[in-house]
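S.K.: Throw the hints in and build the complete structure from the sequences for me.
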Amino acid sequence: MSFILFAEQVLNGLQFGVMLFLMSAGLTLVFGVMGLINLAHGSLFMIGAFAAAAVAGLTGSFVLALMAALAAAAAAGALVEVLVIRRLYDRDHLDQVLATFALILIFSEGTRWIFGSFPLFLNIPDYLSGPVTLPGGIQYPLYRLTLIGIGLAVAVGLFLLISRTRLGIQIRAGESDREMIAALGVDISKLYTIVFALGAALAGLAGALVGAIQSVQVGMGEPVLILAFVVIVIGGIGSIKGALIGSILVGLTDTLGGLFMPALFALFMDNSSAATAGSALASMLIYILMAVVLIVKPSGLFGARA
Amino acid sequence: MKLKTLALVASFMALPIAAFSEPVKVGIITTLSGGGAGLGIDVRDGFMLAVKQSGNTDIEVVIEDDQRKPDIAVQLADKMIQSEKVDVMTGIIWSNLAMAVIPSAVAQDKIYLSPNAGPSALAGRGCHPNYFNVAWQNDNLHEAAGAYTNSAGFQNTFILAPNYPAGQDALTGFKRQYQGELAGEIFTKLGQTDYAAEIAQIRASGADSVFFFLPGGMGISFLKQYADSGVDLPVVGPAFSFDQGILQAVGQAAIGVKNTSQWNKDIDNPTNAAFVETFQAEYGRLPSLYASQGFDTANLLLSAMAKADISDRNAFRAALKEADFHSTRGDFEFGNNNHPVQNIYVREVIKEGDVYTNKIIGVALENHVDAYAADCQM
Numbered sequence: 001m002s003f004i005l006f007a008e009q010v011l012n013g014l015q016f017g018v019m020l021f022l023m024s025a026g027l028t029l030v031f032g033v034m035g036l037i038n039l040a041h042g043s044l045f046m047i048g049a050f051a052a053a054a055v056a057g058l059t060g061s062f063v064l065a066l067m068a069a070l071a072a073a074a075a076a077g078a079l080v081e082v083l084v085i086r087r088l089y090d091r092d093h094l095d096q097v098l099a100t101f102a103l104i105l106i107f108s109e110g111t112r113w114i115f116g117s118f119p120l121f122l123n124i125p126d127y128l129s130g131p132v133t134l135p136g137g138i139q140y141p142l143y144r145l146t147l148i149g150i151g152l153a154v155a156v157g158l159f160l161l162i163s164r165t166r167l168g169i170q171i172r173a174g175e176s177d178r179e180m181i182a183a184l185g186v187d188i189s190k191l192y193t194i195v196f197a198l199g200a201a202l203a204g205l206a207g208a209l210v211g212a213i214q215s216v217q218v219g220m221g222e223p224v225l226i227l228a229f230v231v232i233v234i235g236g237i238g239s240i241k242g243a244l245i246g247s248i249l250v251g252l253t254d255t256l257g258g259l260f261m262p263a264l265f266a267l268f269m270d271n272s273s274a275a276t277a278g279s280a281l282a283s284m285l286i287y288i289l290m291a292v293v294l295i296v297k298p299s300g301l302f303g304a305r306a
Numbered sequence: 001m002k003l004k005t006l007a008l009v010a011s012f013m014a015l016p017i018a019a020f021s022e023p024v025k026v027g028i029i030t031t032l033s034g035g036g037a038g039l040g041i042d043v044r045d046g047f048m049l050a051v052k053q054s055g056n057t058d059i060e061v062v063i064e065d066d067q068r069k070p071d072i073a074v075q076l077a078d079k080m081i082q083s084e085k086v087d088v089m090t091g092i093i094w095s096n097l098a099m100a101v102i103p104s105a106v107a108q109d110k111i112y113l114s115p116n117a118g119p120s121a122l123a124g125r126g127c128h129p130n131y132f133n134v135a136w137q138n139d140n141l142h143e144a145a146g147a148y149t150n151s152a153g154f155q156n157t158f159i160l161a162p163n164y165p166a167g168q169d170a171l172t173g174f175k176r177q178y179q180g181e182l183a184g185e186i187f188t189k190l191g192q193t194d195y196a197a198e199i200a201q202i203r204a205s206g207a208d209s210v211f212f213f214l215p216g217g218m219g220i221s222f223l224k225q226y227a228d229s230g231v232d233l234p235v236v237g238p239a240f241s242f243d244q245g246i247l248q249a250v251g252q253a254a255i256g257v258k259n260t261s262q263w264n265k266d267i268d269n270p271t272n273a274a275f276v277e278t279f280q281a282e283y284g285r286l287p288s289l290y291a292s293q294g295f296d297t298a299n300l301l302l303s304a305m306a307k308a309d310i311s312d313r314n315a316f317r318a319a320l321k322e323a324d325f326h327s328t329r330g331d332f333e334f335g336n337n338n339h340p341v342q343n344i345y346v347r348e349v350i351k352e353g354d355v356y357t358n359k360i361i362g363v364a365l366e367n368h369v370d371a372y373a374a375d376c377q378m
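Chains as they are written, first to last, in the UniProt record's numbering: chain C, 1 to 306; chain H, 1 to 378.
Please note: incorrect hints may appear among the correct ones.
Computed cross-link-like contacts, EDC-like style, restricted to lysine to aspartate or glutamate with a CA-CA straight-line distance of at most 16 Å [unchecked claim]: (1) H:Lys25 - H:Asp87; (2) H:Lys25 - H:Asp78; (3) H:Lys307 - H:Asp58; (4) H:Lys25 - H:Asp232; (5) H:Lys175 - C:Glu222; (6) H:Lys69 - C:Glu222.
Just so you know, these hints were derived from the structure itself, not from any lab.
M.R.: Structure follows, in structure tokens:
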């Protein structure tokens with residue numbers, strides 16, 4: 001195994017990880033602050049991607065497309081919070097799962113109505129396309145490097161928001177004692193809407209960024225949602241730091257597992273069955289990782305409470 | 001009492017009339033939502049177009065969406081067989097769903113006409129008189145891709161496909177014809193959307209070409225990422241990786257790519273020309289190979305209905321086997337295992353005006369019989 005291949009796979013894992021982070025950051029905030037399980041988070045990812053594809057198709061500008069994705073997902077998030085989610089805070093988790101699952105179906109069918117069943121076209125802008133050569137002779141797509149950059153920048157921004165601003169103080173207070181901050185005069189329902197819209201905007205941003213290298217289609221959010229749940233379980237519910245570390249762990253495990261497992265099996269099997277067995281085990285690795293984390297630390301790596 | 005007698009008489013009188021016209025009830029289970037929806041919609045539209053053009057009112061169609069989930073497909077099949085009482089079933093796109101539904105449906109004396117999936121397990125020892133494949137055996141287009149790769153002079157190919165029955169058939173089929181070395185062999189997850197890890201392995205492998213089978217949205221993701229990665233090895237694939245629905249989303253990156261197919265819109269025969277024209281007029285888009293398969297499936301069924309009665313299964317099966325219909329592929333003929341014996345062409349992706357599409361540039365395999373036909377005892 002060459003160094004270049006390994007380095008490229010580490011970058012791939014990192015890129016996958018930071019995109020997962022954009023998804024799981026919102027999910028973990030909503031779960032941590034409001035105690036709400038939001039299955040419809042994947043739909044907000046999809047809305048971001050479709051909004052970006054539609055605006056890019058109309059204007060041809062990728063930056064405008066990204067802004068549209070942020071705005072559309074945040075607006076959809078705020079709307080859903082006010083109309084539906086707000087009624088679910090006091091209900092148990094099963095009701096929340098049912099209601100947000102219904103939202104998935106509504107969003108998916110609604111998107112199909114508007115855009116049809118065929119995948120949409122969202123391309124990488126010219127100035128970000130093609131590979132660049134990194135030190136050590138590694139060729140890596142510029143767009144994926146940009147994704148890593150954007151993801152890490154958002155992580156830093158979120159960290160500052162949570163630790164340095166008034167809103168961050170309220171969010172942290174909301175996580176540890178909801179009733180008390182309401183009693184102290186913070187408008188809790190406004191706070192909830194803001195947190196929900198913030199999480200939605202991040203999911204929409206992830207959808208638009210990822211949509212440019214994948215296909216923009218109905219149902220694209222659900223596979224990512226499952227991984228995002230794995231991430232917040234590993235990282236600890238409600239912890240942004242946990243979401244970041246968890247995302248990168250999951251990203252690296254998934255990518256490097258896909259590389260090493262077949263190679264490992266090839267030591268004692270023929271090539272074709274090693275490829276089959278290796279990829280089967282590789283796709284299980286992140287769940288094995290989650291199980292190990294839960295055994296060692298039942299509340300997740302950075303979880304405050306179980 | 002009088003009323004009861006009257007009802008009895010009425011129903012006796014009704015019976016022969018019903019038996020006289022004997023409508024055929026068709027159940028279509030296909031993928032109409034989620035990532036693979038484009039394929040199912042094309043098959044359905046092609047099928048319904050043929051039914052509409054025939055003007056035949058003795059055919060009743062029930063359509064359901066399997067969401068590409070085997071468990072849902074099985075539930076829908078049970079419902080169609082037990083409560084809808086269909087005679088003929090068709091529509092399934094994905095081989096893992098086909099394996100979950102077809103063996104039990106044909107065992108319950110339903111006729112199954114596959115418009116797409118052709119898993120190897122149903123072509124060889126598992127063949128069945130009630131099962132007809134109107135598209136191809138899964139390996140076929142990949143075998144043709146292997147043959148093309150030889151003739152193009154590639155010696156060291158990297159191959160990849162999703163890990164499900166059709167993906168395994170794909171790589172098996174490719175290797176059956178391909179004579180060079182393998183630079184690498186990867187099975188990806190079904191429905192995978194990010195191929196950065198695989199592309200990195202291709203880059204590091206020292207291959208001189210890439211063969212991949214990634215139908216639907218998977219192919220779009222792969223090709224876009226491949227084009228952006230700076231790996232410039234030539235790619236070869238089956239038509240599934242470059243069908244009409246995918247090409248528009250891939251765009252420029254696909255131009256010049258060679259792929260293998262049993263059908264293309266420029267196959268020169270009157271049926272095909274009329275099909276391409278009417279499909280475009282009806283649905284406002286170019287037909288894909290999936291649409292042609294749906295169209296052929298319906299025409300095969302209609303040809304059998306004209307010759308035999310569905311209640312006489314033996315006669316109906318014989319009528320299907322004759323395949324006396326005008327196919328979009330030209331001549332159409334079933335082999336001993338009820339799978340087509342057909343030409344497989346090499347196509348090249350081109351741009352016609354603003355639309356990306358395929359053009360036939362040669363024949364990869366002529367009158368090709370699938371590799372499992374000999375194992376079929378029927």
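S.K.: Against this structure, judge whether each hint is valid.
M.R.: Hint-by-hint comparison with the structure:
Restraint check: the Cα-Cα separation between Lys25 of chain H and Asp87 of chain H comes to about 5 Å, which is no more than 16 Å; the hinted pair holds. For the given pair, Lys25 of chain H sits about 15 Å from Asp78 of chain H by alpha-carbon distance, which is consistent with the 16 Å threshold. Between Lys307 of chain H and Asp58 of chain H the alpha-carbon distance is near 13 Å, which keeps this suggested pair within the 16 Å criterion. Between Lys25 of chain H and Asp232 of chain H the CA atoms are separated by roughly 51 Å; this puts the pair beyond 16 Å, and the hint is violated.
Taken as a hint, the Lys175 of chain H and Glu222 of chain C pair is broken in the structure, with Cα atoms around 35 Å apart against an allowance of 16 Å. For the proposed pair Lys69 of chain H and Glu222 of chain C, the alpha carbon gap of about 14 Å is at most 16 Å, so the pair holds.
Checked against the numbered hints given earlier, the structure breaks hints 4, 5 and satisfies all the rest.
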